[in-house]
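> As a plain string of letters, each chain reads:
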Amino acid sequence: MYEWQETEDSMEMIHDKEERLDQLMTSYSQGILQLVYTYVKNHTTAEDLTQEIFIKCYEKMDQYKGRASLRTWLYRVAINHCKDYLRSWHHRKVTIHDKLFEYLPSKDKQLESLIVEKSRDEILSESVLNLPIKYREIIYLYYFEELTLDEISKTTLVNLNTVKTRLTRAKELLKKSLKEVINDE
Amino acid sequence: MSDPLKQLKNSMKKTVFKDFSFSEDRRNVVKESIQSNQLRSDSILYWDDKTLYSILCSIRTGPKHGYEISTLLFQKNNHVFQHKEGQLYALLHTLENKGIIASSWHEVHSDTKKYYSLTKKGRIFIRAVEKQSSRFISLKKLLQEASI
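Just so you know, the protein sequences line up as chains A and B, in that order. Residue numbering for the first sequence follows my numbering, starting at 13 and increasing by one per position. Residue numbering for the second sequence follows my numbering, starting at 7 and increasing by one per position.
Just so you know, the hints here were simulated from the structure itself, not pulled from any lab data. Computed from a predicted structure; not experimentally measured. Please note that a few of the clues may not be correct.
What the hints assert, rightly or not - Below, in silico cross-link-like pairs of lysine-lysine (DSBU-like), each with a Cα-Cα straight-line distance of 35 angstroms or less:
hint : chain 1 : residue 1 : chain 2 : residue 2
1    : A       : Lys187    : B       : Lys104
2    : A       : Lys105    : B       : Lys24
3    : B       : Lys147    : A       : Lys29
4    : A       : Lys188    : B       : Lys12
5    : A       : Lys188    : A       : Lys176
6    : B       : Lys104    : A       : Lys95
7    : B       : Lys146    : A       : Lys68
8    : A       : Lys29     : B       : Lys104
9    : A       : Lys29     : B       : Lys90
10   : A       : Lys191    : B       : Lys126
11   : A       : Lys188    : A       : Lys53
12   : A       : Lys176    : B       : Lys15
13   : A       : Lys130    : B       : Lys19
14   : A       : Lys68     : A       : Lys95
15   : A       : Lys68     : B       : Lys82
16   : B       : Lys104    : B       : Lys56
17   : B       : Lys19     : A       : Lys191
18   : A       : Lys72     : A       : Lys166
19   : A       : Lys188    : A       : Lys146
20   : A       : Lys166    : B       : Lys20
21   : A       : Lys191    : B       : Lys104
22   : B       : Lys56     : B       : Lys24
23   : A       : Lys146    : A       : Lys166
24   : A       : Lys68     : B       : Lys90
25   : B       : Lys104    : B       : Lys70
26   : A       : Lys105    : A       : Lys95
27   : A       : Lys105    : B       : Lys37
Let's have the full structure, built from the sequences with the hints guiding it.
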């Protein structure tokens with residue numbers, strides 16, 4: 013049933029809808045950009061997708077009812093958008109095609125990897141980024157974003173117990189690839 | 007042994023996220039694209055308050071078909087749809103999707119036409135604007151925000 017009260021509320025919302033988008037971008041664009049990067053692992057693609065995510069947020073702003081925290085809502089929109097992208101035809105055809113070239117053995121690359129010794133920071137970042145997505149997202153949200161397990165569950169819509177199991181499993185996987193780093197200490 | 011993952015934040019900031027930020031240019035692209043989306047002619051924001059009000063008023067007294075609406079607007083000296091009647095139908099369609107007006111097919115003199123009428127919601131919108139004439143209230147903004 014339509015009520016006049018609703019009209020007045022929605023009016024106030026429009027007044028600052030664009031202002032709110034501006035605020036959202038100021039407060040969250042860096043976080044979203046980085047989050048998106050952990051899914052797509054390409055800087056330009058991450059920037060493109062972040063643009064699309066903010067447009068989506070603007071369109072969906074009225075659907076945000078304050079049930080989840082604003083960050084949880086935004087991140088959920090972002091994560092869904094990333095996963096849609098990773099499933100998309102464009103990504104599967106174009107990116108995988110590009111990757112094939114990367115895997116072709118080149119003498120230069122082999123030399124390079126011998127000469128350039130990777131820093132500890134690089135190794136740690138890379139090994140997290142190389143995890144399968146379901147583990148990667150949880151490690152990222154837990155250690156980088158410092159979300160609680162409960163917040164992670166709400167953000168990713170993954171059951172709390174599953175979040176816990178995945179976190180444990182992810183740490184095991186990382187332990188293997190990080191063995192050298194740990195041994196150095 | 008300390009958890010090496012505690013370093014993750016620092017490590018990523020120093021490597022993959024180094025000099026990586028959402029630039030002012032990128033933000034402007036977002037704003038521009040939102041504005042251009044709103045300026046399509048089937049979008050409410052494309053039209054001014056007076057035109058929207060005239061359309062709603064033209065079907066206030068009873069259902070009318072598209073051509074009648076366009077004639078009524080013309081008589082009221084509103085020529086915005088002259089030579090682009092298609093835009094009127096697109097706008098009527100948008101208003102219908104938003105539940106402001108409703109349509110039904112009727113046969114008159116063996117000719118079937120689509121008639122548009124105000125819904126209850128549409129009447130509330132008109133009255134809201136008329137009641138609040140003393141203070142600024144935009145019909146356009148109300149309609150734009152009306153849920154689908």
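> Against this structure, judge whether each hint is valid.
Each hint tested on the structure:
1. Our distance criterion of 35 angstroms between C-alpha atoms is broken by Lys187 (chain A) and Lys104 (chain B), whose separation comes to about 55 angstroms.
2. Proximity of Lys105 (chain A) to Lys24 (chain B) is assessed by CA-CA distance (about 29 angstroms); at most 35 angstroms being required, the pair is judged to hold.
3. Restraint check: the Cα-Cα separation between Lys147 (chain B) and Lys29 (chain A) comes to about 11 angstroms, which is no more than 35 angstroms; the hinted pair holds.
4. Pair hint Lys188 (chain A) plus Lys12 (chain B) holds up; C-alpha atoms about 17 angstroms apart against a cutoff of 35 angstroms.
5. Taking the CA atoms of Lys188 (chain A) and Lys176 (chain A), the gap is about 19 angstroms. The hint holds against a cut of 35 angstroms.
6. Under the criterion of a C-alpha separation no larger than 35 angstroms, the hint pairing Lys104 (chain B) with Lys95 (chain A) is consistent with the structure, at around 30 angstroms.
7. Between Lys146 (chain B) and Lys68 (chain A) the alpha-carbon distance is near 22 angstroms, which keeps this suggested pair within the 35 angstroms criterion.
8. Of the pairs offered as hints, the one joining Lys29 (chain A) and Lys104 (chain B) holds, with about 19 angstroms between alpha carbons and a cut-off of 35 angstroms not exceeded.
9. For the hint pairing Lys29 (chain A) with Lys90 (chain B), the CA-to-CA distance comes to about 31 angstroms; that is within 35 angstroms, so the pair holds.
10. Of the supplied pair hints, the one linking Lys191 (chain A) and Lys126 (chain B) is violated, its CA atoms being roughly 69 angstroms apart against a limit of 35 angstroms.
11. About 22 angstroms separates the Cα atoms of Lys188 (chain A) and Lys53 (chain A), which keeps this hinted pair within 35 angstroms; it holds.
12. Between the alpha carbons of Lys176 (chain A) and Lys15 (chain B) the distance comes to roughly 20 angstroms, so the proposed pair stays at or under 35 angstroms and holds.
13. Proximity of Lys130 (chain A) to Lys19 (chain B) is assessed by CA-CA distance (about 16 angstroms); at most 35 angstroms being required, the pair is judged to hold.
14. A hinted pair counts as satisfied when its Cα atoms are at most 35 angstroms apart, and Lys68 (chain A) with Lys95 (chain A) qualifies at roughly 15 angstroms.
15. Simply put, Lys68 (chain A) and Lys82 (chain B) have alpha-carbon atoms about 39 angstroms apart, too far for the 35 angstroms limit, and the pair is violated.
16. As the CA atoms of Lys104 (chain B) and Lys56 (chain B) are separated by approximately 19 angstroms, the hinted pair is consistent with the 35 angstroms bound.
17. For the given pair, Lys19 (chain B) sits about 22 angstroms from Lys191 (chain A) by alpha-carbon distance, which is consistent with the 35 angstroms threshold.
18. For the hint pairing Lys72 (chain A) with Lys166 (chain A), the CA-to-CA distance comes to about 18 angstroms; that is within 35 angstroms, so the pair holds.
19. Distance restraint check for Lys188 (chain A) and Lys146 (chain A): the Cα-Cα separation of roughly 18 angstroms lies within the 35 angstroms cut-off, and the hinted pair is therefore satisfied.
20. The straight-line distance between the Cα atoms of Lys166 (chain A) and Lys20 (chain B) is roughly 29 angstroms, inside the 35 angstroms bound, and the hint therefore holds.
21. Restraint check: the Cα-Cα separation between Lys191 (chain A) and Lys104 (chain B) comes to about 59 angstroms, which exceeds 35 angstroms; the hinted pair is violated.
22. The straight-line distance between the Cα atoms of Lys56 (chain B) and Lys24 (chain B) is roughly 52 angstroms, outside the 35 angstroms bound, and the hint therefore fails.
23. A distance of roughly 15 angstroms separates the Cα atoms of Lys146 (chain A) and Lys166 (chain A); the hinted pair therefore holds under the 35 angstroms criterion.
24. Using a Cα cut-off of 35 angstroms, the hinted pair Lys68 (chain A) and Lys90 (chain B) holds, with the two alpha carbons roughly 31 angstroms apart.
25. Annotation: proposed proximity of Lys104 (chain B) to Lys70 (chain B) holds, straight-line Cα distance about 18 angstroms (limit 35 angstroms).
26. Between Lys105 (chain A) and Lys95 (chain A) the CA atoms are separated by roughly 15 angstroms; this keeps the pair inside 35 angstroms, and the hint holds.
27. With a C-alpha separation of about 30 angstroms, the suggested pair Lys105 (chain A) and Lys37 (chain B) falls inside the 35 angstroms cut-off, and the hint holds.
The structure shown violates the earlier hints numbered 1, 10, 15, 21 and 22.
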